[in-house]
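Protein chains in written order, with the numbering used here: chain A, 1 to 276; chain B, 1 to 255.
Since the hints were derived computationally from the structure, they do not count as laboratory data.
Computed from a predicted structure; not experimentally measured.
Careful: at least some of the hints might be erroneous.
Claimed, not checked - Taking lysine to aspartate or glutamate pairs in the EDC-like style, the calculated list, with each CA pair at most 20 Å apart, reads: (1) B:Lys-105 / A:Asp-84; (2) B:Lys-93 / A:Glu-159; (3) A:Lys-33 / B:Glu-71; (4) A:Lys-262 / B:Asp-87; (5) B:Lys-57 / A:Asp-138; (6) B:Lys-57 / B:Glu-71.
Stated by the list, open to error - Only some residues are given here: those of chain B computed to face chain A with a beta carbon under 8 Å: (7) Asn-73; (8) Ser-89; (9) Ala-175.
Said to hold, decoys possible - Take a look, some chain B residues computed to stay more than 10 Å from chain A by CB distance: (10) Asn-11; (11) Pro-40; (12) Phe-86; (13) Arg-113; (14) Leu-131; (15) Arg-151; (16) Asp-170.
Glycine included, C-beta positions come from ideal geometry on N, C-alpha and C.
Listed here are the chains, written in short residue letters.
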Amino acid sequence: MEFLQYEFIRNALMVGFLVSIACGVVGTYVVIKRIAFISGSISHTAYGGIGLGYYLGINPMVGATFFTLFSALAMGEVSHRMKDREDTVIGIMWAIGMALGVIFVKLSPGYTADLMSYLFGSILTVPHNELILVLILDIIILLTVGLFHDQFTMVAFDEEFAQVIGISTRFYNGLLLCLIALTVVVMIRAVGIILVIALLTIPPSIAGQYTRSMGSMMGLSILLGAVFTTGGLYLSYLFDLPSGATIILLAGTGFLLSLLLKNITGKIAQEKRWDM
Amino acid sequence: MTAEEVIRIKNLYVSLAGTPVLEDINLTVYQGDFLGIIGPNGGGKSTLLRSILGLVKPDKGEISIAGGSVEKNHTLIGYVPQYAVFDRSFPIKVRDVVLMGRLAKRRGRFYSRQDYEQMERCLELVEMQELRNRPIGDLSGGERQRVLVARALVADPIILLLDEPTASVDSHFQATFYELLERLSKTMTIVLVSHDITAISTYVSTIACLNRTLHYQHNKELTVEMIEHGYNCPVELIAHGIPHRVLHAHDGVVG
């Protein structure tokens, strides 16, 4: 395949694969715990961190890492303390994070033309040092999940019972949000801040329809993520389209198809039951 | 007598968002009691249980569990929550749900052989061992309730606390479920909360009536005053054996 002879393409595929791992694992918690909104919110506040990075003259990705971690912890506290108004406050923080980013960028000296690549992704131009960053974040995510998978699952399944038997739901909820923050950072280069939430939730929600355990849901999500990023990359190369958006549209198409398939097989199963 | 007191509540006042929900509650539960707390919806039954579990902070008053504070001893309680509408698609097997009950006691990253043995034993106790590898979403309401009992039992509690355990279970399952509780009550203290007088009164050994304040004489006599206190409704209704709240058992949910 001539597609594979370019180094930047091989690099991009590598990033896509690393992103799929983070997405598949963390996205599974996002989907079963139904925290897509808070995750979307965390991803948008990353823009504040990117702006801050520009303003301070450091790598915007490093700025995004710390800023999203901070927002994740703040949102964890909000959802812990203000159960009644949680979604409103989270929505407000989302907007504030982005507004801060806009102001920081405006105040930054010099050229900030590649902002669009953070918003919508540019998997083809990931520099080598960011590939390393993504790899390190992936390792941190996998190690944390390896250590606390049972606690995360329990808090997702029945938070009240977890509290009753003495599991610190506040700690594990906060930790999970931090993992989401790191995952967002991993994904920014691939699909961009605005599209992160789709790639975080689509593979696990498809996988959830065909799997019956957390482990297999994560595994299938990783596989689907890899198919979507690789396929999206290939299609964007073929038709000269923006890679991030193509990856998301491919994932979205996959999601619709799986819904359709589920619907049809569900109907067939139902008819079979009627016949008996 | 102190040795036998497993729950002791003194002058408990609880309010939620400024509204008084429980007033001057005094209750002593002794080891081996099988106590049914009845009362109308909104009478504070769940709040009382949640206070005992330490999930709600009381305004005033004291709760002690086995002679210690709630913070210290709430883990001696096995809690069976009100039939929660779990996400049916949650990818988890029955056995893993039960194992969760031991997570707080677990040392290290994995469950020990003892944890697994305890899980098997508790599934057997509630007669669910054959369904151990089924996803929890595939179970009926009654089966799921049994699994939640096993999850509560797996951490070796001395008290079992159940919140409306049969609210969404069909009547066939109700009877066998209460029989299970009756069996368990021979070896542990059970407190259960329900608005379903008929079902409860057949099985429990003592009844209390809660409607913001608590009526309890540590016996099973359901006096006219208790019912009037609890339900604020004419007693004839109940004398016919059809308490008004019982009529709409939520059959539709199961299945």
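Given Ser-89 (chain B) as an interface hint, is its Cβ closer than 8 Å to any Cβ of chain A? Constraint on Ser-89 (chain B) satisfied, holds at 6 Å.
Consistency of the no-contact label for Arg-113 (chain B), given chain A and a CB cut of 10 Å: 16 Å, holds
Would you check whether the claim that Pro-40 (chain B) is not at the interface survives, using Cβ distances to chain A and the 10 Å cut-off? It holds; Pro-40 (chain B) is separated from chain A by about 23 Å at its closest Cβ, greater than 10 Å.
Measuring Cβ to Cβ, find out whether Leu-131 (chain B) lies farther than 10 Å from everything in chain A. 13 Å, holds
Is it true that the CA of Lys-105 (chain B) sits at most 20 Å from the CA of Asp-84 (chain A)? 32 Å, violated
Would the hint on Asn-73 (chain B) be counted as holding, given a Cβ-Cβ threshold of 8 Å to chain A? At about 11 Å, which exceeds the 8 Å cut-off, the nearest Cβ of chain A leaves the hint on Asn-73 (chain B) violated.
Verify the proposed pairing of Lys-93 (chain B) with Glu-159 (chain A), using a straight-line Cα cut of 20 Å. 17 Å, holds
Outside-interface status for Phe-86 (chain B) - nearest CB in chain A farther than 10 Å: Per Cβ check, Phe-86 (chain B) is inside 10 Å of chain A; nearest 7 Å; violated.
Check on Asn-11 (chain B) being off the interface with chain A, judged by Cβ distance over 10 Å: 24 Å, holds
Non-interface claim for Arg-151 (chain B): all C-beta distances to chain A beyond 10 Å? 7 Å, violated
Holds or violated: are the alpha carbons of Lys-57 (chain B) and Glu-71 (chain B) at most 20 Å from each other? 11 Å, holds
Straight-line Cα separation of Lys-262 (chain A) and Asp-87 (chain B) no greater than 20 Å? 18 Å, holds
Hints 1, 3, 5, 7, 9, 12 and 15 from the earlier list are contradicted by this structure; the remaining hints agree with it.
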